[in-house]
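Asker: Given next are the chains, with one letter for each unit.
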Amino acid sequence: MFFQKDIETMSRKQLEELQLERLKWTVDYCYKNVPFYTKKLDEAGVTADKIKSLDDIRYIPPTTKADLRDNYPFGLFAKPMKEIVRLHASSGTTGKPTVVGYTKHDLDLWSDCMARLCTAAGATSDDIVQISFGYGMFTGALGLHYGLEKIGATVIPNSSGNTEKALMYMRDFGTTVLVATPSYALYMCETAKSLEYPMSDYKLRLGLLGSEGCTPEMRTQIENGWGLFATDNYGMSELIGPGVSGECQERCGLHFNEDYFLPEIVDPETLEARDEGEYGELLVTTLTKEGIPLLRYRTRDITKLNYEPCKCGRTHARMEKVQGRSDDMLKIRGVNIFPSQIESVLIGMDQVSPHYQLVVRREGFADTLEVQVELVDSSLLDSYGKIQELQKNIAKRIQTVLGIQCKISIVEHGTIERFVGKAKRVVDLRKENK
Amino acid sequence: MTPVKQISVFVENKHGKLSSIARHLADNGVSIRALCMADTTDFGIFRLIVSDYEAAEKALKAAGVTCSVTEVLVVEIEDTPGAFADAMSLLADNSISLEYVYAFLTPEVGKAYIIIRVEDNAAAAKVLSDGGIKIVSQDEIKANA
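Line order of the protein sequences matches chains X and E.
Residue numbers for the first sequence follow this note's numbering, beginning at 887 and rising by one.
Residue numbers for the second sequence follow this note's numbering, beginning at 145 and rising by one.
The reader is advised that the hints may include incorrect statements.
To be verified - Straight-line C-alpha distance at most 30 Å; calculated DSS-like pairs for lysine-lysine:
| id | chain 1 | residue 1 | chain 2 | residue 2 |
| --- | --- | --- | --- | --- |
| 1 | E | 161 | X | 1278 |
| 2 | X | 1278 | X | 1293 |
| 3 | X | 1079 | E | 205 |
| 4 | X | 1272 | E | 255 |
| 5 | E | 161 | X | 1079 |
| 6 | X | 1310 | E | 161 |
| 7 | E | 205 | E | 158 |
| 8 | X | 1278 | E | 205 |
| 9 | X | 1036 | X | 965 |
| 10 | X | 938 | X | 891 |
| 11 | X | 1272 | E | 270 |
| 12 | X | 1278 | E | 158 |
| 13 | X | 1282 | E | 158 |
| 14 | X | 1051 | X | 1089 |
| 15 | X | 918 | X | 938 |
| 16 | X | 910 | X | 951 |
| 17 | E | 149 | X | 1272 |
| 18 | X | 1293 | E | 205 |
| 19 | X | 990 | X | 926 |
| 20 | X | 1310 | E | 205 |
| 21 | X | 1051 | E | 205 |
| 22 | X | 1051 | E | 202 |
| 23 | E | 202 | X | 1272 |
| 24 | X | 1272 | E | 161 |
| 25 | E | 202 | X | 1079 |
| 26 | X | 1293 | E | 158 |
| 27 | E | 149 | E | 270 |
| 28 | X | 1293 | X | 1207 |
| 29 | X | 1217 | X | 951 |
| 30 | E | 161 | X | 1293 |
| 31 | E | 286 | E | 161 |
| 32 | X | 1079 | E | 149 |
| 33 | E | 158 | X | 1310 |
| 34 | X | 1272 | E | 205 |
Calculated directly from the structure, the hints in this document are not laboratory data.
Using the sequences plus the hints, can you model the full thing?
Answerer: Written out as structure tokens, the structure reads:
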């Protein structure tokens, strides 16, 4: 099923022509409407005329999250407030939030993007969809909301929190599609199982998961727990919100909405282009956005792109699931570590829950990693030996995957925080000691 | 042979953990007959023989505490020097290894109860009762509470 088949199955040549035309437009538009870009492009000596091919994008200096923050709140807006119809803001866990503004045109392209991805995942106008992302300033909920309404699905804007009530709606309204973060989808499932209602009271068939990473193991756990088919989608508020890319039912990569967003994969240190199929940091240039156009935005997400057309018929490039963030990447004793690698080890083990916390410390001159996991298998309480064996086993598996030693701390079930929004898995105490 | 149910509770090495577990039991009218807890740096396993293990398990699970019920052997010996040594000799002489052991006294009857965790409860019970040592049942634990 397609939402906009002609665009989604366009030939690579046509798509690249469209991208080039739109890239030139965006460079010119940024130059004329955003003083930050006028200065930046002048300094780099780049004008729209200098862009002769998509490769010429390399002459354009990248934009970072710090640029958005430095220009808080509206400094990067290319349109007067009169034409801005919506504001969203990022959570701003470090310093000021980043604020984004949308024109009517932007909201329309956003809902097109979402409608395409939801359709590709298998949602239809027959579905009843419960949105369990937090509404408010976060883009996730409203992004899915408008896209799903556009395809004619019935939307329940339930938001996050009050899980038992959300489960009641699910049972009583016959919800067929769940929109949630993977960790919240899993938490909802744990809660559902603890209630007196049988799982057959729930009619979920599809999960549209997003806003945080999800390992294949965690997805299997969500699918088995709920008896649904789950797809992943990707985006960020700076670019538009969710809707930048998403999986079709083939689930072999996330289709990038390439007519609206131009992706590049570069070396995170040198910013030089990586070869096709190589991992690197994803840079994205918006191609038609009016409110906040962004040139080569550094997503900090590590992934790779596949330009081969998909079995589903879509020709837009497929992005691999994000492997980690170039700034979330932990460097412990010189080894690059992504929390997702540890998650994949834990999810394969029945004795512990999939919730975990990583604590990094500096002791003397060496970094240490502590992995806190919750014990769920109470049969191990029979002897200290069994629990110590579990600790050793987890440490060994993590060492096999990461190549470093770590300390495993077993904590009580239910004591590691469950995240409704993005999970914060890492506590890095090294920064405090500097 | 009648094994007695023992509650094992996972306890993180954190301030106030043990008191909150004990409080859950008290609030549900559960009386503790015997307990044992060794210290490790991160966590401990708190083992308990209680008046009503079903009520104890229910109360702890309702409070979200990770716990399990295992069967242990409880035997009654005289509260006199040498009685414990005799019981342990019986097990040692028959090559029965102990995983852990702890004890409590019953001043009202002048006896001592030893709680024994072994791999094979039935084999240990036979050796001990053949040696003239009385095996204590779940009902007796409850009755003495």
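Asker: Looking back at the numbered hints, which does the structure fail to meet, lowest number first?
Answerer: Hint 4 is the one this structure does not satisfy, whereas the remaining hints hold.
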